[in-house]
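Spelled out from the first residue to the last, the chains are:
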Amino acid sequence: MAPHSPGTDQIDTLLWIGFVAAAILMIAITGALLYVARRYRSERGAEPRQLFSGSGLQFRVAGVLTIFAALLFILGVVFTDNAREKPTTGEAGLASLKGEPLKIKATGQQWLWRYDYPNGAFSYYQLVVPVDTAVELEVVSTDVVHTWNVEELARKADAVPGKTNKVLFSTGDEGTYEGDSATLSGQAYAAMRTEVKVVSPEEYEDFIETQSEEIDAAEERVVGLIENGETP
Amino acid sequence: MLSLYGTSAIFLFALPLAIGLFYYVAPLQIGARGTALPRLGQVGMALWVAGATALYATFLFTPSEAGVNPLPPLSEVAFLSNNGVDAWATATGLATLGFVLLSINLLATLRVMRAPGMAWRRVPVFAWAATVSSWLMIVVGSVLLAALTMLMIDRNYDGIFFADGSGGAPLLWQHLSWIFYTGAYMLILIFAFGAIAEIASTFARKPLFNRNVVMGSLAAIAVIGTLAWMQNMLTAPIGVGWMYFAMLMSLALIVPFGLVLFNLIATLAGGTLRMRAPLLFAMGAIFAIGIGLAAELCHSLVAAAWQLKNTTDATAATHFALIGGSVFGGFAALHYWFPKMTGRTMGESLARISFWTILVGLLLGFVPLFFAGAGEGQVVDAYKYFDDTGVTGYNVVASIGVLILFVGILLTILNAIFSRENGPEAGHDPWGGDTLEWFTLSPPDPHNFDVLPDVRSPRPLRDIREAIGHRTRRSKDAAARESQPVA
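Sequence order for the protein chains is A and B. The working numbering puts the last residue of the first sequence at 692; the count rises by one with no breaks. The working numbering puts the last residue of the second sequence at 473; the count rises by one with no breaks.
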């Protein structure tokens, strides 16, 4: 999956570092094994030399492995820290925030994602965010453990009841990004998908405005119906 | 089904195969005439059978629907109110209690019933792996039992252990269960490495390249590996410091795992390899475990795990390592010690066919999942995938591969059943082994040994063979001298 945010760029690089490191080990192990299997077949009556190694060679091997592991650890910390870096809102982003990230609450519930925007509007399934704007998603759950997962924009984050998991991201690319849930949450888990629509700040303002008006209108209508003694 | 597959694979296949072989072979290897606490062993075995029965009895009413690791709150009574999760917890609880009791017996046997002269430094590697694994199972098995008890109290007596607020925490279950599952993962690999070490040295006719390093590494894997449990929780709301701790522990494992693999391959190098079934399966195990562990490496880099967590890439890595450990490693051990258990060797040609079928099945079944998981982000446990996500081809190949893998496993099981009665007679030492189990009859008498040699090295049987060879040569020389004409 192609990364579309500074954070996922870092994640992607670290992934490739991991793949290369894994490939080196896989090739080394498989290669050594195949070589040994071809080279040292039995010959009748041959008795091999009873070779075993002293600690010097073992220390050298352990040293190489330690350096390899330490290098990976350092790279892991560096790129993870980079990926966690707070994104900043750019020129093309939502200006009204004054440097603060746009806070949106993402609530996992069986089997739907709900997004609450700062002005009180909310939406289900689809999250709409402005382009080039730092977004702080507060991932929470009302029932079981879910995992919010939109790979191209941000990291996976578990929604655990009673805890808040923060995800920070910003993206410069408008468009629609598919996502899903990544922890078994019951029967309709596979269908618990989501979508992030990245639009211009004006469109975003329009969206939350209309959304909020429509929600108010719907509420009024229902309240009116109940007051008239009808069932909504 | 979802819950049953993983539970069966771990509790009814991998762990019992490992612990069962430890239980049969390790006492023989140390020259014990039985086990230290036989009744405890009997109880353990009965508990495990009860657990296995309970697990499959759920087919008659409601299997658990909460997955291999049933995370609360999903596994709480509010979300799954039928008794599937209770049955799952009972079944795994009984099986785990069985494992813990068996491990206590095994550990007591290994401590007090070693043959004269068998100091810890001369204990065979497989028996050492049994020691490490028993300790590990006693520790992590108890942790799972505690977690299961809490889950049962939550479900049946209005407990709040895993409820949020009011003092409980859903994450507590994740910590406890992952300690067990990570420990069990390490146990399966330690078992496989122990068996491979014996097989490698027997079939190459060489001593282990460096015994102490292998034995130390196995112990290190048990400790460090279990401490890396939070590697499975990198997307959970835990502090980033804990994530780095998990990464440090996981990456530190590269050293002991690397040393073990290096020493195993170095043992084979320079030997005279007899490519019989045990060695074939052992080499398959080294290959598959190597691929699996290398792939797991990406999952311990924190930010990389943020993307790979719960994708089929994780499924593939775990399956490579654990099929390498329990299927290849377990079957290598089975082929190797089968003559000791039954007096007959397993059919060689069927063993070869089974090996190649399993290998092809493993590659076809799980390599596509690496691509689907890492490339397309396909998530685990989903009952369906969507057309536009581009994983259809991968999944079709993987399904065929897993079917082939299953046929391969079935072939070895059939081979074992037929060879019990009809295999070629093996004699007491078909492979020319170096450890004490080959000193007794196949199958051994109920008391295992009539007499025991003094143990003076880690390879007592080789010492005996050398002594006999020495004496034969000397008497031949003497005979040759006597037959010389005097004048």
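Errors might be hidden in some of the hints.
Examples of chain A residues toward chain B, derived with CB under 8 Å [claimed, not checked]:
hint	residue
1	Ile471
2	Thr490
3	Gly491
4	Val620
Pairwise CB distance ranges, derived in the manner of DEER restraints [stated by the list, open to error]:
hint	chain 1	residue 1	chain 2	residue 2	range
5	A	Leu531	B	Arg459	48 to 56 Å
6	B	Arg338	A	Phe519	38 to 46 Å
7	A	Asp469	B	Leu26	40 to 48 Å
8	B	Gly151	A	Ala678	37 to 45 Å
9	A	Leu517	B	Ala464	38 to 46 Å
Covered by chain B, according to a simulated footprint, are these stretches of chain A (three or more residues, beta-carbon under 8 Å) [what the hints assert, rightly or not]:
hint	region
10	473 to 485
11	642 to 656
Hints listed in this document are in silico derivations from the structure and should not be mistaken for laboratory results. Note that beta-carbon positions come from the ideal geometry of N, C-alpha and C, so glycine has one too.
- Message: I'd like to know which numbered hints this structure contradicts. Please list them from smallest to largest.
- Response: 3, 7, 8
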